[in-house]
Amino acid sequence: MSPKTIAGLTLTFAAMAGALYIGETSVSRSARQDRVTVVYWEKWTGAEGEEMRKVVDAFNRSQDRIFVQYLSISGVDQKTMLATAGGNPPDVAGIWLDQIYQFSDAGALTDLTQMAKESGLGPDYYIKGYWDPLNYRGGLWALPSTPASIALHVRTDLVPAKYASPETFPKTIEGLDEMNKEVSKISKDGTIELAGFLPSNPGWWNWAWGPYFGGQLIDGDKITVNSPENIRAFEWVAKYAKMFGPKEMQSFQSGFGNFSSPQDPFMSGKVATELNGVWKGGYINVYKPDTKWFAVPFPYPSDRPDLAGHSNLSQDVLTIPRGAKHPKEAFEFMRFVQRQDIMEGLCNGHGKNSPLAQVSEHFFQNHKNKYIRLFDALARSPKSFSPPKIGINQQISNEMTVAFQEVNNGDKTPKQALDDAETRLNALWKTYQEQVLNK
Amino acid sequence: MNRRREARVGILFALPWILGFGIFLLYPILASLYYSFTNYSILRAPKWIGVSNYQELVGDKVFIQSMGNTLYYLIGAVPLGSVGAIGLAMLLNTKVKGIAFYRTLFYLPSLVPMVALGTLFMWVFNGDYGLLNSVLREMHISPPNWMGDPSWAKWTLIMISTWGCGQAMVIYLAALQDVPVSLYEAAELDGARLWQKTRNVTLPMISPVILFNVLMGMIGALQVFAVPYVMFPGGAPARSTYFFTSYLYDNAFQYQRMGYASAIGWVMFVITLTLTLISLKVSDRHVHYERS
Numbered sequence: 183m184s185p186k187t188i189a190g191l192t193l194t195f196a197a198m199a200g201a202l203y204i205g206e207t208s209v210s211r212s213a214r215q216d217r218v219t220v221v222y223w224e225k226w227t228g229a230e231g232e233e234m235r236k237v238v239d240a241f242n243r244s245q246d247r248i249f250v251q252y253l254s255i256s257g258v259d260q261k262t263m264l265a266t267a268g269g270n271p272p273d274v275a276g277i278w279l280d281q282i283y284q285f286s287d288a289g290a291l292t293d294l295t296q297m298a299k300e301s302g303l304g305p306d307y308y309i310k311g312y313w314d315p316l317n318y319r320g321g322l323w324a325l326p327s328t329p330a331s332i333a334l335h336v337r338t339d340l341v342p343a344k345y346a347s348p349e350t351f352p353k354t355i356e357g358l359d360e361m362n363k364e365v366s367k368i369s370k371d372g373t374i375e376l377a378g379f380l381p382s383n384p385g386w387w388n389w390a391w392g393p394y395f396g397g398q399l400i401d402g403d404k405i406t407v408n409s410p411e412n413i414r415a416f417e418w419v420a421k422y423a424k425m426f427g428p429k430e431m432q433s434f435q436s437g438f439g440n441f442s443s444p445q446d447p448f449m450s451g452k453v454a455t456e457l458n459g460v461w462k463g464g465y466i467n468v469y470k471p472d473t474k475w476f477a478v479p480f481p482y483p484s485d486r487p488d489l490a491g492h493s494n495l496s497q498d499v500l501t502i503p504r505g506a507k508h509p510k511e512a513f514e515f516m517r518f519v520q521r522q523d524i525m526e527g528l529c530n531g532h533g534k535n536s537p538l539a540q541v542s543e544h545f546f547q548n549h550k551n552k553y554i555r556l557f558d559a560l561a562r563s564p565k566s567f568s569p570p571k572i573g574i575n576q577q578i579s580n581e582m583t584v585a586f587q588e589v590n591n592g593d594k595t596p597k598q599a600l601d602d603a604e605t606r607l608n609a610l611w612k613t614y615q616e617q618v619l620n621k
Numbered sequence: 171m172n173r174r175r176e177a178r179v180g181i182l183f184a185l186p187w188i189l190g191f192g193i194f195l196l197y198p199i200l201a202s203l204y205y206s207f208t209n210y211s212i213l214r215a216p217k218w219i220g221v222s223n224y225q226e227l228v229g230d231k232v233f234i235q236s237m238g239n240t241l242y243y244l245i246g247a248v249p250l251g252s253v254g255a256i257g258l259a260m261l262l263n264t265k266v267k268g269i270a271f272y273r274t275l276f277y278l279p280s281l282v283p284m285v286a287l288g289t290l291f292m293w294v295f296n297g298d299y300g301l302l303n304s305v306l307r308e309m310h311i312s313p314p315n316w317m318g319d320p321s322w323a324k325w326t327l328i329m330i331s332t333w334g335c336g337q338a339m340v341i342y343l344a345a346l347q348d349v350p351v352s353l354y355e356a357a358e359l360d361g362a363r364l365w366q367k368t369r370n371v372t373l374p375m376i377s378p379v380i381l382f383n384v385l386m387g388m389i390g391a392l393q394v395f396a397v398p399y400v401m402f403p404g405g406a407p408a409r410s411t412y413f414f415t416s417y418l419y420d421n422a423f424q425y426q427r428m429g430y431a432s433a434i435g436w437v438m439f440v441i442t443l444t445l446t447l448i449s450l451k452v453s454d455r456h457v458h459y460e461r462s
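Line order of the protein sequences matches chains A and B. So the first sequence is residues 183 to 621, counted in the working numbering. So the second sequence is residues 171 to 462, counted in the working numbering.
What the hints contain is simulated information worked out from the structure, not anything from laboratory work. Keep in mind that the hints are not guaranteed to be accurate.
[Unchecked claim] Taking lysine-lysine and the PhoX-like style, the derived pairs with C-alpha atoms no more than 20 Å apart in a straight line are:
| # | chain 1 | residue 1 | chain 2 | residue 2 |
| --- | --- | --- | --- | --- |
| 1 | A | K550 | A | K470 |
| 2 | A | K344 | A | K370 |
| 3 | B | K217 | A | K621 |
| 4 | A | K594 | A | K404 |
| 5 | A | K597 | A | K424 |
| 6 | A | K236 | A | K470 |
| 7 | A | K550 | A | K404 |
| 8 | A | K404 | A | K571 |
| 9 | A | K353 | A | K612 |
| 10 | A | K550 | A | K421 |
| 11 | A | K429 | B | K217 |
| 12 | A | K429 | A | K367 |
| 13 | B | K367 | B | K217 |
| 14 | B | K231 | A | K594 |
| 15 | A | K612 | B | K231 |
| 16 | A | K612 | B | K217 |
| 17 | A | K597 | B | K231 |
| 18 | A | K236 | A | K421 |
[What the hints assert, rightly or not] Have a look at the derived ranges for each label pair, beta carbon to beta carbon:
| # | chain 1 | residue 1 | chain 2 | residue 2 | range |
| --- | --- | --- | --- | --- | --- |
| 19 | B | M284 | A | A196 | 47 to 53 Å |
| 20 | A | G289 | B | Y419 | 38 to 44 Å |
| 21 | A | A343 | B | S280 | 53 to 59 Å |
| 22 | B | D298 | A | Q547 | 53 to 59 Å |
| 23 | B | T289 | A | K552 | 55 to 61 Å |
| 24 | B | P186 | A | S184 | 17 to 23 Å |
| 25 | B | L447 | A | G451 | 36 to 42 Å |
| 26 | B | T289 | A | D293 | 54 to 60 Å |
| 27 | B | T289 | A | R214 | 34 to 40 Å |
| 28 | A | L191 | B | Q347 | 33 to 39 Å |
| 29 | B | F271 | A | G190 | 45 to 51 Å |
| 30 | A | L253 | B | H456 | 51 to 57 Å |
Using N, Cα and C, we set each Cβ at its ideal position, and we do this for glycine too.
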């Protein structure tokens, strides 16, 4: 090799090394040299994302040792998992509750048990229904950011006067069915003009219908999606599909606008009642404040009065991925979010209820949702339930949605749809146990 | 410069590409082949499990369903796209005023990003207030619920696929302009009409390009992902729009089953290769190469 070639190659490699160094420096995550930088990836964009940004700003102002760098990104769950695998995860990742089981099984999260204990966070600090789901296989894997409970929203002006108050609205499923028959308007050609209630609207919690009838999706280590209670729930769904007609229902629903717009079917008056989260009140305030409505707990089957006051609970959570550069500082920020005044400000900003056991009167009085006390009570109800604690939670949810759609379309009987879901989930669970849990 | 030195310099110049190919293509391809025989959840080291992933695929009803949906889409989208692209190319091969403008106009839609396309067509195909159904109702035709009805959902996607036929159209156009005018003149002297000229001159002369475009269309159809992902979350309704790639994506990134996803990818590759080889074999008799 000639001296010229050697010199050329040396220069080339030096330039490449320089570029790598400069590149690494320019994309460095240390936003501030004078503080420890904690990188925080949050799932929320838009108004909810801005509320969380306010919390981050408040934390950054509150002390001079840590700087939280807030990044609102889409697909945060998948990106967190890949970044963790690549050894460069964020210090804090804001994901959803039902993902922590799979993430924990995969070894993607840091156990927060000890840090929580040292900073005085424990079961007494939180509402039980929100604290318990954060604990899984002997570890604490997340802390809440904003939680929610779900209730039936009712349009006062679209139901007969006898149903038009929380006190007189039917308490049982059978009563709800009667109300639906009275309220729904179907034209002679089968076109739906108004639906009293539609199980498929908004269709976000298809896994939860069984539990609303007293069923469970898992029992210990066993998948039980085709239990008699779950089948009963789907038979009830099928009844609605039959009453409205699957095709007519599809056509009717395809005309629904986005839930965060005045064309939302509840706000635009296409459905008289809707099962939705505590945040709905905030959206109504923004998009159609003149809507006349109230909220009640979702009715229970008349032969199961023990289920009264039930609700499915959901949570946005904060986690520390495994391999985070500054876990202690990350936890310090998470602890800040758990402060009662901070948490109440954030939850009100999101239009949600608080996950904390202690809630101030100020929070209730100033909340965006006028029925916030109901949502708080539902969160505290021993009958309320969360997504099942299992690593194949996502698959269960997907299979239940497919089964729901098959029943709702009239393609399969409830039993057939749930038997098929059960068979598939059993196979998936077996593989998961062998391959992930090493059983 | 002697031959060895020439080769060395050549390799040196090609080195960036060779490195890029090795690092970003060859290594991931070989790694995915290895992972397809392992249990791999990204965060833990892959564990060798032999052909278990492939055995599981054989009995996996969702995989079979996604394969069926993909083949259904392929059978619908490729011929429709090909006929559309050839037809457009023939129209745009005529000598009319402003032809350059028309060519640009018909090519432009293929530049729309897939996610934007999906969002756009959600408005067009909406069963209630969608543009298409509004037009059909004006014509007193009772329209289907394109996106809500499992029997129509796949056809919605097939129809959307024709939106991107501008790419193929440009290639056909280039091929059409290469057909010697003398052949048309000879055909006209023999009394050939438009259809006879198309059938006996145009199509045979552009047959290698048809083969190329059909193969590319087929490979593209087998990889359909973005538009159904945007328009039909989870393959709704009832997995009727759940494709190969949807299942691969869910297994890789939702369920953290990278090994299984790799196996799906390799099955997909084998099916693509098989269909390509069959197409090449079948086309032997029908494709006219000038040199032969």
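Margin query: Just to be careful, I want the Cα atoms of K217 of chain B and K621 of chain A compared with a cutoff of 20 Å; is the pair within it?
Written below: 14 Å, holds
Notebook entry, point to check: Is K550 of chain A within 20 Å of K470 of chain A, Cα to Cα?
Noted result: Holds, because 13 Å separates the two Cα atoms, which is no more than 20 Å.
Next item on the list: Could you say whether the range 38 to 44 Å given as a hint is met by the Cβ separation of G289 of chain A and Y419 of chain B?
Entry: 22 Å, violated
Notebook entry, point to check: Okay, M284 of chain B versus A196 of chain A on CB: inside 47 to 53 Å?
Noted result: 41 Å, violated
Checklist line | K429 of chain A paired with K217 of chain B [C-alpha distance capped at 20 Å] | finding: 48 Å, violated
Check: Between L191 of chain A and Q347 of chain B, does the beta-carbon spacing fit 33 to 39 Å?
Finding: Cβ of L191 of chain A to Cβ of Q347 of chain B: about 47 Å, so the range 33 to 39 Å is violated.
Notebook entry, point to check: Is K597 of chain A close enough to K231 of chain B, meaning Cα to Cα at most 20 Å?
Noted result: 18 Å, holds
Margin query: Run the distance test for K429 of chain A versus K367 of chain A: straight-line Cα separation, threshold 20 Å.
Written below: 16 Å, holds
Item checked: Outcome for the supplied range 53 to 59 Å, where the beta carbon pair is D298 of chain B and Q547 of chain A -> With a Cβ separation near 41 Å, D298 of chain B and Q547 of chain A fall outside 53 to 59 Å, so the hint is violated.
Item checked: Hinted pair K550 of chain A and K421 of chain A, Cα distance within 20 Å -> Outside the cut-off at roughly 35 Å; violated.
Note to self: Need the status of pair K404 of chain A, K571 of chain A: alpha-carbon distance at most 20 Å?
What the structure shows: 12 Å, holds
Next item on the list: Would you mind confirming whether the straight-line C-alpha gap from K367 of chain B to K217 of chain B stays at or under 20 Å?
Entry: Not satisfied, since the Cα-Cα distance of roughly 61 Å exceeds 20 Å.
Hint compliance for this structure: hints 2, 4, 6, 7, 9, 10, 11, 13, 18, 19, 20, 22, 23, 25, 26 and 28 are broken, all remaining hints hold.
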